[in-house]
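Build out the structure end to end from the sequences listed, making use of the hints.
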Amino acid sequence: MTFTLPEDTIPKLKLSKTLRAALIHEAESIVCETIQANDAFLNDGSCFPASDWRFVRAKQGLNVYCQRAESIKRSSSRKTGLVSPLSPGITRDSSMTLSRSEKSKRTGKSLMVLHGAIDGNLDDCMFGSFATTEETWRWRSSYVYEGLDEARLLATIRGPTHEDPFRFLGLKWFTKELPSVLSGIMQQRDFLIIEATGLTRDSNGERVGYFLMHSVTLPELVPEFPQLNLMREEISACYIDRQLGTNQVEMYCRSFLNPRGKPLNRLTAVIAAEALLSAIGIIDYAYIRKLTWLVKNKQERMSARRCRTRRQSGAFPRSTRCQVCDKSFRRLALNGSTECHICRGQVCKNCFVVKKMTVDVSLRGHVKQCPVRVCVCCLLEAKEKSVWEMALDGISETRSEASSSLASGQRRCTLPGVE
Numbered sequence: 001m002t003f004t005l006p007e008d009t010i011p012k013l014k015l016s017k018t019l020r021a022a023l024i025h026e027a028e029s030i031v032c033e034t035i036q037a038n039d040a041f042l043n044d045g046s047c048f049p050a051s052d053w054r055f056v057r058a059k060q061g062l063n064v065y066c067q068r069a070e071s072i073k074r075s076s077s078r079k080t081g082l083v084s085p086l087s088p089g090i091t092r093d094s095s096m097t098l099s100r101s102e103k104s105k106r107t108g109k110s111l112m113v114l115h116g117a118i119d120g121n122l123d124d125c126m127f128g129s130f131a132t133t134e135e136t137w138r139w140r141s142s143y144v145y146e147g148l149d150e151a152r153l154l155a156t157i158r159g160p161t162h163e164d165p166f167r168f169l170g171l172k173w174f175t176k177e178l179p180s181v182l183s184g185i186m187q188q189r190d191f192l193i194i195e196a197t198g199l200t201r202d203s204n205g206e207r208v209g210y211f212l213m214h215s216v217t218l219p220e221l222v223p224e225f226p227q228l229n230l231m232r233e234e235i236s237a238c239y240i241d242r243q244l245g246t247n248q249v250e251m252y253c254r255s256f257l258n259p260r261g262k263p264l265n266r267l268t269a270v271i272a273a274e275a276l277l278s279a280i281g282i283i284d285y286a287y288i289r290k291l292t293w294l295v296k297n298k299q300e301r302m303s304a305r306r307c308r309t310r311r312q313s314g315a316f317p318r319s320t321r322c323q324v325c326d327k328s329f330r331r332l333a334l335n336g337s338t339e340c341h342i343c344r345g346q347v348c349k350n351c352f353v354v355k356k357m358t359v360d361v362s363l364r365g366h367v368k369q370c371p372v373r374v375c376v377c378c379l380l381e382a383k384e385k386s387v388w389e390m391a392l393d394g395i396s397e398t399r400s401e402a403s404s405s406l407a408s409g410q411r412r413c414t415l416p417g418v419e
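Using full-length UniProt numbering, the first residue of the sequence shown is number 1, and each one after it goes up by one.
Don't take every hint at face value.
[As the list claims (entries may be wrong)] Distance ranges between label pairs, derived from CB positions:
1) 4 to 271: 17 to 27 Å
2) 267 to 226: 37 to 47 Å
3) 271 to 204: 31 to 41 Å
Since the hints were made in silico from the structure, they are not lab data. Every residue, glycine too, gets a C-beta built ideally from N, C-alpha and C.
Printed below as a string of structure tokens:
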């Protein structure tokens with residue numbers, strides 16, 4: 001079921017300096033706390049004692065556990081100095097103290113933890129995580145399966161820098177897709193969160209990346225919308241990523257759940273675990289972003305070269321051999337050659353893969369994906385390409401992309417031969 005937000009329901013916000021500082025402090029506190037929890041978890045042997053944790057879900061090297069109710073009660077009775085997410089919220093004129101840890105922990109929020117490793121490197125993981133505009137946010141959602149319905153970037157608090165091209169902190173509002181079978185049973189949920197990404201260091205000086213989604217309460221700026229049949233839901237999840245060896249990223253995530261004050265049942269736990277496990281797709285999405293960047297940077301060079309070829313020969317000569325394996329097309333079966341959508345080279349059927357790429361993202365929720373043929377050479381080039389250059393390249397484009405896309409209402413990726 002698709003939900004459409006009436007125009008001008010949530011205008012772009014101009015946050016006060018006090019509120020911006022409070023949101024920065026909130027994000028930094030949660031990231032710092034999660035890094036501390038991750039360090040303690042690693043020092044304890046990365047174990048989930050059965051007396052405290054219940055296994056929920058596993059997928060491709062990542063495991064999700066839920067804290068048992070008895071363990072929550074024991075934790076709530078102990079004094080800790082940590083800030084706990086899903087606190088009552090930040091008001092418009094909040095002080096920068098925001099020290100509500102004990103009050104929050106006594107509410108008995110359910111804690112879920114994800115841990116494991118996926119193939120890739122830390123920079124790719126961060127490149128796939130950060131989304132500084134509504135368009136790149138929807139782009140990410142189409143691959144990572146966040147299930148966005150309506151999505152609004154209400155304010156950008158921090159942006160990327162040359163020292164940290166993955167840095168971002170923004171205030172976002174969104175609704176999640178509700179399956180039609182549940183439309184008459186479950187009320188549509190909406191969320192108001194701060195989202196933060198970036199690089200930092202842990203207590204040992206090791207380079208780590210973070211991705212935070214954390215609910216906030218701003219009743220004067222973004223009130224709840226019961227008149228639209230929306231129920232404001234709370235989420236808080238913070239991922240800490242670190243390089244593990246040469247080609248793996250270790251992921252650790254803490255997620256606090258508050259299902260409208262009710263105990264966390266098994267179905268809710270499974271749904272929440274699947275949402276956390278969607279991070280598996282972040283590396284593949286980074287590769288897709290790399291391929292898109294290659295398209296943009298290769299097309300101009302390809303166009304100039306093919307124009308020179310046309311002037312010299314009067315036409316585009318069709319290759320008779322695969323540009324990857326150098327096999328002759330005459331010796332292969334009929335229709336044994338195809339064109340790479342990125343480099344436009346002719347390759348045999350054994351030397352290309354088909355990637356589903358998002359070629360159109362509408363602000364109204366429509367996402368168009370098309371199969372794109374990519375030769376092995378371009379695929380390897382994209383995987384091995386450092387994202388640092390691409391991320392730095394994106395810094396200068398962020399503002400222009402945002403302004404142009406808001407004017408057109410959509411973001412489009414142009415690929416040769418793909419409509």
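Status of the hints after comparison with the structure:
{"no.": "1", "hint": "4 to 271: 17 to 27 Å", "result": "holds, 24 Å"}
{"no.": "2", "hint": "267 to 226: 37 to 47 Å", "result": "violated, 25 Å"}
{"no.": "3", "hint": "271 to 204: 31 to 41 Å", "result": "holds, 35 Å"}
Checked against the numbered hints above, the structure breaks only hint 2 and satisfies the rest.
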